[in-house]
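Taken in order, these protein sequences are the chains called A and B.
1 is the number of the first residue of the first sequence in this note's numbering; add one for each residue after it.
117 is the number of the first residue of the second sequence in this note's numbering; add one for each residue after it.
Keep in mind that a hint or two might mislead.
What the hints assert, rightly or not - Computed Cβ-Cβ distance ranges for the label pairs, DEER-style:
#1 B:Arg-174 with A:Glu-15: 42 to 48 Å
#2 B:Ala-179 with A:Ser-87: 37 to 43 Å
#3 B:Gly-145 with A:Lys-18: 44 to 50 Å
#4 B:Glu-161 with A:Leu-39: 16 to 22 Å
#5 A:Gly-102 with B:Ala-181: 22 to 28 Å
Unchecked claim - List of simulated lysine-lysine pairs, BS3-like, C-alpha gap at most 25 Å:
#6 A:Lys-104 with B:Lys-119
#7 A:Lys-20 with B:Lys-185
#8 A:Lys-104 with B:Lys-185
Unchecked claim - Residues of chain B clear of chain A, computed beta-carbon distances all greater than 12 Å:
#9 Pro-133
#10 His-135
#11 Pro-156
#12 Glu-161
#13 His-165
#14 Ser-177
#15 Cys-193
#16 Thr-195
#17 Leu-196
#18 Arg-207
#19 Thr-225
#20 Val-226
#21 His-227
Just so you know, these hints were derived from the structure itself, not from any lab.
Yeah, the Cβ is synthetic: ideal placement off N, Cα and C, and Gly gets one too.
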Amino acid sequence: GEEVAQTPKHLVRGEGQKAKLYCAPIKGHSYVFWYQQVLKNEFKFLISFQNENVFDETGMPKERFSAKCLPNSPCSLEIQATKLEDSAVYFCASSQPGGRDGEKLFFGSGTQLSVL
Amino acid sequence: DAKTTQPNSMESNEEEPVHLPCNHSTISGTDYIHWYRQLPSQGPEYVIHGLTSNVNNRMASLAIAEDRKSSTLILHCATLRDAAVYYCILRVGGTSYGKLTFGQGTILTVHP
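With the rest of the complex left out, here is chain B (with noise of 0.2 Å):
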């Protein structure tokens, strides 16, 4: 499975946006780049996820390098409730099947 590197954490202020980085400089050209967080003590929660285009839902937007090497998870307005570990993961082939390979994953620190 292709790699993601992850900061092991980040720091951020209540109401201020969050960028969240993500490299993965081994991307095949069929691999989607999907993002899930862990709440503390709860199972991973779907986020968002995209192919080459940005995107934007409710919770988060997601920006895409050109080259895909890297991405950028963004959270507009962060509240205390988005306080978690965050995973960027490659599913091989864009396959909505198959298995999703977490990494470290970014623990996410809020304050008020």
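Here chain A stands alone, though its shape is the one from the complex (with noise of 0.2 Å):
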């Protein structure tokens, strides 16, 4: 596709539950970034994959976080036993170095996750 596509858009959980949020980056694309965006303005860095390879995981709580990009499929964030400071917007990004557009990551919605 033409945008990154995050679904779903608002999820809610009770605390100690699994959430899972899915990415589809731009088709053509081979990296893939999830950010979360805890307060307003604030983003945090969490991990991004080259193809199905995790390039860089250096934000990734190693607690709890999980993440895949498998061919074929959307990639996907995981959150084991959810707790209340997850509560956040994740950001997923993709972006294709080289061309015209090389240097630019291209963002999604988000996904709201609200957890209670």
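Hey, can you piece these two chains together into the complex? The hints should help.
Put into structure tokens, the structure is as follows:
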């Protein structure tokens, strides 16, 4: 597709439940990034992929968070046993280095996760 | 990652130019300066980027100081749709596949 598609738009979970978020990158983009925005202006980088391989996971919490990008499937971000502090908007972005738009990250519209 | 400093907020009137400053005194020689903006309830959107020379595109202009320790994003004619949070970001090493590290950004309010 021509835009990064994130589903669902909203997700509500009780504390301790699992949450799974999905991201379909722009067709032809080989890099995928996940970000967490907790407060209005604060973005935290979580993880990036080059195709199905983890490229940079320096921001990924070691416990409870995992992510995958498998061939011919949307990428996913999963949170096991959610906590109140996981409430945030999770953004996915994709890019394809090289070419006219090689320097740009294209972001989806995010998934609002509310943990109650 | 090298750090940027921006004012928390700025205001402008519609149809007037807006100059959004950014300080990045610890920038290294290969760091590119990127600007993104986030409109309400949307994901960030690329605006412009540059290395040393001033840059223009259909959205904005980027003026980079000669010593590269600061830059200014220029919106030539602000509209209500330009109200957003603007982020000035240094992309470490100019790598087009590396992460972006967002700072606090500048909240731009545009008055009719």
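Problem - Those earlier numbered hints the structure runs against, lowest number first - result: Failing hints, ascending: 7, 11, 12, 13, 18.
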